[in-house]
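When you get a sec, could you build the whole thing from the sequences and use the hints?
The C-terminal position of the sequence shown is numbered 108 in the UniProt record's numbering, with every residue numbered one higher than the one before it.
If you are wondering where the hints come from, they were derived from the structure by calculation, not from laboratory data. From the three backbone atoms N, C-alpha and C, an ideal C-beta is built for every residue, glycine too. The reader is advised that the hints may include incorrect statements.
To be verified - Taking lysine to any residue pairs in the SDA-like style, the calculated list, with each CA pair at most 20 Å apart, reads:
(1) Lys5 <-> Asp47
(2) Lys5 <-> Ala101
(3) Lys43 <-> Pro90
Claimed, not checked - Okay, the calculated beta carbon distance ranges per label pair:
(4) Thr2 <-> Gly84: 20 to 30 Å
(5) Ile6 <-> Ala27: 14 to 24 Å
(6) Gln64 <-> Glu40: 14 to 24 Å
(7) Gly84 <-> Gly38: 35 to 45 Å
(8) Thr106 <-> Asp14: 34 to 44 Å
(9) Ser69 <-> Val93: 22 to 32 Å
(10) Asp46 <-> Gly84: 36 to 46 Å
(11) Gly84 <-> Ala107: 10 to 20 Å
(12) Asp31 <-> Trp98: 35 to 45 Å
(13) Arg89 <-> Thr2: 30 to 40 Å
(14) Glu40 <-> Ser71: 27 to 37 Å
(15) Gly84 <-> Thr106: 47 to 57 Å
(16) Glu60 <-> Ser95: 15 to 25 Å
(17) Ala107 <-> Pro70: 29 to 39 Å
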Amino acid sequence: MTIIKINAITVPSDGGDELARRFAARAGAVDDRPGFEGFELLKPTDDRLTWLVVTRWADEESFQAWLSSPSFAHGHRSETPKEGEPAARPVGVSSELWSYAIAGGTAS
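In structure tokens, the structure reads:
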């Protein structure tokens, strides 16, 4: 059964473009993980400051295996600063992980 994991990331109003850039730089990094079914980065279209990272997994075990993998640690480490530049700060000011199972809908 597919499970949905949503990382709700609160981003300052001037930080959304940087968040999108960082996700684009890692595009495809999780695609080959066993049990991974899909990903979307959702940008708010109203005054909200919360962006949603929506991932779909075959099961909880697949998601947990990714969380404990070296590729997860690598993708979520701070960027290495270039010589003479300060380290990049986190873009989000807070985040929350939400977990869902599909309870209904239509086939796509």
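Checklist entry - Where does the structure disagree with the numbered hints, that is, which hint numbers, in rising order? => result Violated: hints 1, 4, 11, 12 and 14.
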